[in-house]
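Sequences are here, hints too, so could you generate the full structure?
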Amino acid sequence: MAEMDTTFLSEVNRLSGQHIETCYHCHTCTAGCPVSADMRYGPDRVIRLIELGEKARVLTTPDIWLCATCETCSARCPNGIDVAKVMDTLRHLSAAEGYRSPEPRILLFHHLYLAVVRFLGRSHEAIMLGLYKLRSLDLLSDMDSGLVLVLRGKIPILPRRIKGVAGVRQIFEAAARADKLAQGTDHARE
Amino acid sequence: MQESNAFCDKGSVVTGTPEASLTYGYYPGCSAHATAQEYDASVKAVFGALGLKLVEIEDWNCCGASSAHNLSHNLSVGLPARNLALIEQSGLETVAPCAACYNRLRVAQEEIAAHPDEFGWLGEALGGPLQGNAVVRSPISIMVEDVGLERIAAHVKRPLMGLKVVSYYGCLLARPRSISELADTEHPYELDDIMRTLGAEPLTWSYAVDCCGGSLSISRSDVARRMTQTIVDAARATGAHAIITACPLCQTNLEMRQSGKGQAKMPALYFTEAMGLAFDLPDTDKWWKKHLVNPRPMLSKLGLVA
Numbered sequence: 001m002a003e004m005d006t007t008f009l010s011e012v013n014r015l016s017g018q019h020i021e022t023c024y025h026c027h028t029c030t031a032g033c034p035v036s037a038d039m040r041y042g043p044d045r046v047i048r049l050i051e052l053g054e055k056a057r058v059l060t061t062p063d064i065w066l067c068a069t070c071e072t073c074s075a076r077c078p079n080g081i082d083v084a085k086v087m088d089t090l091r092h093l094s095a096a097e098g099y100r101s102p103e104p105r106i107l108l109f110h111h112l113y114l115a116v117v118r119f120l121g122r123s124h125e126a127i128m129l130g131l132y133k134l135r136s137l138d139l140l141s142d143m144d145s146g147l148v149l150v151l152r153g154k155i156p157i158l159p160r161r162i163k164g165v166a167g168v169r170q171i172f173e174a175a176a177r178a179d180k181l182a183q184g185t186d187h188a189r190e
Numbered sequence: 001m002q003e004s005n006a007f008c009d010k011g012s013v014v015t016g017t018p019e020a021s022l023t024y025g026y027y028p029g030c031s032a033h034a035t036a037q038e039y040d041a042s043v044k045a046v047f048g049a050l051g052l053k054l055v056e057i058e059d060w061n062c063c064g065a066s067s068a069h070n071l072s073h074n075l076s077v078g079l080p081a082r083n084l085a086l087i088e089q090s091g092l093e094t095v096a097p098c099a100a101c102y103n104r105l106r107v108a109q110e111e112i113a114a115h116p117d118e119f120g121w122l123g124e125a126l127g128g129p130l131q132g133n134a135v136v137r138s139p140i141s142i143m144v145e146d147v148g149l150e151r152i153a154a155h156v157k158r159p160l161m162g163l164k165v166v167s168y169y170g171c172l173l174a175r176p177r178s179i180s181e182l183a184d185t186e187h188p189y190e191l192d193d194i195m196r197t198l199g200a201e202p203l204t205w206s207y208a209v210d211c212c213g214g215s216l217s218i219s220r221s222d223v224a225r226r227m228t229q230t231i232v233d234a235a236r237a238t239g240a241h242a243i244i245t246a247c248p249l250c251q252t253n254l255e256m257r258q259s260g261k262g263q264a265k266m267p268a269l270y271f272t273e274a275m276g277l278a279f280d281l282p283d284t285d286k287w288w289k290k291h292l293v294n295p296r297p298m299l300s301k302l303g304l305v306a
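Chains A and B, in that order, are what the protein sequence lines are. In case it helps, the working numbering puts the first sequence at residues 1 to 190. In case it helps, the working numbering puts the second sequence at residues 1 to 306.
There may be inaccurate statements among the hints.
Derived pair list, reagent style DSSO-like, types lysine-lysine, alpha-carbon separation capped at 27 Å [as the list claims (entries may be wrong)]: (1) B:265 <-> A:154; (2) B:286 <-> B:53; (3) B:289 <-> B:261; (4) B:164 <-> B:289; (5) B:265 <-> B:301; (6) B:301 <-> B:164; (7) A:154 <-> B:44; (8) B:290 <-> B:157; (9) A:180 <-> B:301; (10) B:261 <-> A:154; (11) B:53 <-> B:265; (12) B:286 <-> B:301; (13) B:261 <-> B:164; (14) A:163 <-> B:44; (15) B:290 <-> A:133; (16) B:290 <-> B:301; (17) A:163 <-> B:53; (18) A:85 <-> B:261; (19) B:157 <-> B:289; (20) B:164 <-> B:286; (21) B:44 <-> B:290; (22) A:154 <-> A:180; (23) A:85 <-> B:44; (24) B:301 <-> B:157; (25) A:85 <-> A:180; (26) B:290 <-> B:261; (27) B:265 <-> B:286; (28) B:44 <-> B:157; (29) B:265 <-> B:164; (30) A:154 <-> B:289.
Worth flagging that the hints you see were computed from the coordinates, not collected in a lab. In this text the structure is predicted, and so the values were computed from the model without any measurement.
Next comes the structure, spelled out in structure tokens:
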């Protein structure tokens, strides 16, 4: 019998600070997950796939992007596994190693949100939503909701930069370096 | 070092004389200037009415919210860390009304305390090390613990008689448990206590700490709609007139993504708006105008607004 490749399991355990091999697949995480109906596997099977070393399959599943980070799974795991933290780690790895997200709009939303924060120091709905609409080519959906927000005066048009925006940019750069160091993403994806 | 600011363990908070004037730092968060203007305004009005002073943290930045959390571990700690440094400099115990901001600031604080070696890079990026003594709180715990229900009751001029509500905390105030200020994170009761004190009737339901799907509201609105509808339908089944919230993401998502299914949509009120109404504060009408689901017709039917 071939030995199981535990490289990916060790990597996820190290980055998330968890011991996911203690999972006995009771399914509590998936049963309580409010998004599992929209997922391909659900959290407990994602954990099983990590144990099986199915790195590419795990890092390209929509599940890791659909996770709403509500942490219900972590709160209820009888073995104290922070399942949401494992999902965080998988997203971070997937993004850092350049895997194509099966949920490109979710990834795009997060990237644009952070691009605006990097530029202004704060978020700004009008710029962010404008960019999102253009880049996602999802121009027509939700225009009614957007219009209502504008009519209620809830989307200020003019952006304001904070004074310490240079410091915020420095945090972005230093954080990216620290992520790389922790993930060891210099080595190529298998 | 701040261990936990659960109600039973909040260290150095001054609770002295009942009408003592307290000053808190104020971290509004980005949504206070956009989708949550009525939360910002009602928090300020209610704190003012109770004699509590708010001093805005100078030049604060975005906490990174769910996007930094989703994409980068270090950024999800680094962006809140700059604010923690500013809060430390202010020397003020600081209120973060936005549940997402509260959550990200507290989680970052916990991460840095637990893994100081991993965040050595922060000192350089921030121009100095963090002391680790910032105190960040949600307005719910300030109301229940520092102000107290008795003092809230003393300010009620227009009891919210006949108003049936369900209290909704969502994820970010309840999880992870280690940073939550709620005494029971599966069955919290703090908002119920406040609402009862205001004369309203809090109803029992099972969705108080369920997720509304706020982080998917723009990019997968279909999923967010389903999650929101589950919560609104459950609220409706109890016979509630409104959902009481303390999170700008929940509040916007609940009002924006629900379907009325042929009936009037259900408004989601910030708990501070309910307090302002019960205190008979002058600006409440301006708050109702900001809602995507206008609560005025419902409040008017109950005789709570003219």
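Status of the hints after comparison with the structure:
Note on residue 265 of chain B and residue 154 of chain A: the hinted pairing holds, with a Cα-Cα distance of about 20 Å set against a maximum of 27 Å. Taking the CA atoms of residue 286 of chain B and residue 53 of chain B, the gap is near 22 Å; set against the 27 Å cutoff, the hint holds. Taking the CA atoms of residue 289 of chain B and residue 261 of chain B, the gap is near 23 Å; set against the 27 Å cutoff, the hint holds. The suggested pairing of residue 164 of chain B with residue 289 of chain B holds, with an alpha-carbon distance near 21 Å, which does not exceed 27 Å.
Only pairs whose Cα atoms come within 27 Å are accepted, and residue 265 of chain B paired with residue 301 of chain B is accepted, the gap being roughly 15 Å. Proximity of residue 301 of chain B to residue 164 of chain B is assessed by CA-CA distance (about 13 Å); at most 27 Å being required, the pair is judged to hold. At most 27 Å may separate the alpha-carbon atoms for a hinted pair to count; residue 154 of chain A and residue 44 of chain B meet this at roughly 18 Å. With a C-alpha separation of about 24 Å, the suggested pair residue 290 of chain B and residue 157 of chain B falls inside the 27 Å cut-off, and the hint holds.
Restraint check for residue 180 of chain A and residue 301 of chain B: the C-alpha separation of about 58 Å exceeds 27 Å, so the hint is violated. Simply put, residue 261 of chain B and residue 154 of chain A have alpha-carbon atoms about 25 Å apart, close enough for the 27 Å limit, and the pair holds. With a C-alpha separation of about 35 Å, the suggested pair residue 53 of chain B and residue 265 of chain B falls outside the 27 Å cut-off, and the hint is violated. Between residue 286 of chain B and residue 301 of chain B, the direct Cα distance comes to roughly 19 Å. Compliance with the 27 Å bound is thereby established for this hinted pair.
At roughly 20 Å between alpha-carbon atoms, residue 261 of chain B and residue 164 of chain B fall within 27 Å of each other, so this suggested pair holds. With a CA separation close to 24 Å, the supplied pair residue 163 of chain A and residue 44 of chain B stays within the 27 Å bound. Note on residue 290 of chain B and residue 133 of chain A: the hinted pairing holds, with a Cα-Cα distance of about 24 Å set against a maximum of 27 Å. Of the supplied pair hints, the one linking residue 290 of chain B and residue 301 of chain B holds, its CA atoms being roughly 19 Å apart against a limit of 27 Å.
Distance check on the hinted pair: residue 163 of chain A and residue 53 of chain B sit about 25 Å apart at the alpha-carbon level, within 27 Å; holds. Simply put, residue 85 of chain A and residue 261 of chain B have alpha-carbon atoms about 37 Å apart, too far for the 27 Å limit, and the pair is violated. At roughly 22 Å between alpha-carbon atoms, residue 157 of chain B and residue 289 of chain B fall within 27 Å of each other, so this suggested pair holds. At roughly 22 Å between alpha-carbon atoms, residue 164 of chain B and residue 286 of chain B fall within 27 Å of each other, so this suggested pair holds.
Simply put, residue 44 of chain B and residue 290 of chain B have alpha-carbon atoms about 16 Å apart, close enough for the 27 Å limit, and the pair holds. Pair hint residue 154 of chain A plus residue 180 of chain A does not hold up; C-alpha atoms about 38 Å apart against a cutoff of 27 Å. The straight-line distance between the Cα atoms of residue 85 of chain A and residue 44 of chain B is roughly 35 Å, outside the 27 Å bound, and the hint therefore fails. A hinted pair counts as satisfied when its Cα atoms are at most 27 Å apart, and residue 301 of chain B with residue 157 of chain B qualifies at roughly 19 Å.
At roughly 18 Å between alpha-carbon atoms, residue 85 of chain A and residue 180 of chain A fall within 27 Å of each other, so this suggested pair holds. Restraint check for residue 290 of chain B and residue 261 of chain B: the C-alpha separation of about 23 Å stays at or below 27 Å, so the hint holds. Among the hinted pairs, residue 265 of chain B with residue 286 of chain B is consistent with the structure: their alpha-carbon atoms are about 20 Å apart, no more than 27 Å. Restraint check for residue 44 of chain B and residue 157 of chain B: the C-alpha separation of about 18 Å stays at or below 27 Å, so the hint holds.
About 15 Å separates the Cα atoms of residue 265 of chain B and residue 164 of chain B, which keeps this hinted pair within 27 Å; it holds. Between residue 154 of chain A and residue 289 of chain B the CA atoms are separated by roughly 11 Å; this keeps the pair inside 27 Å, and the hint holds.
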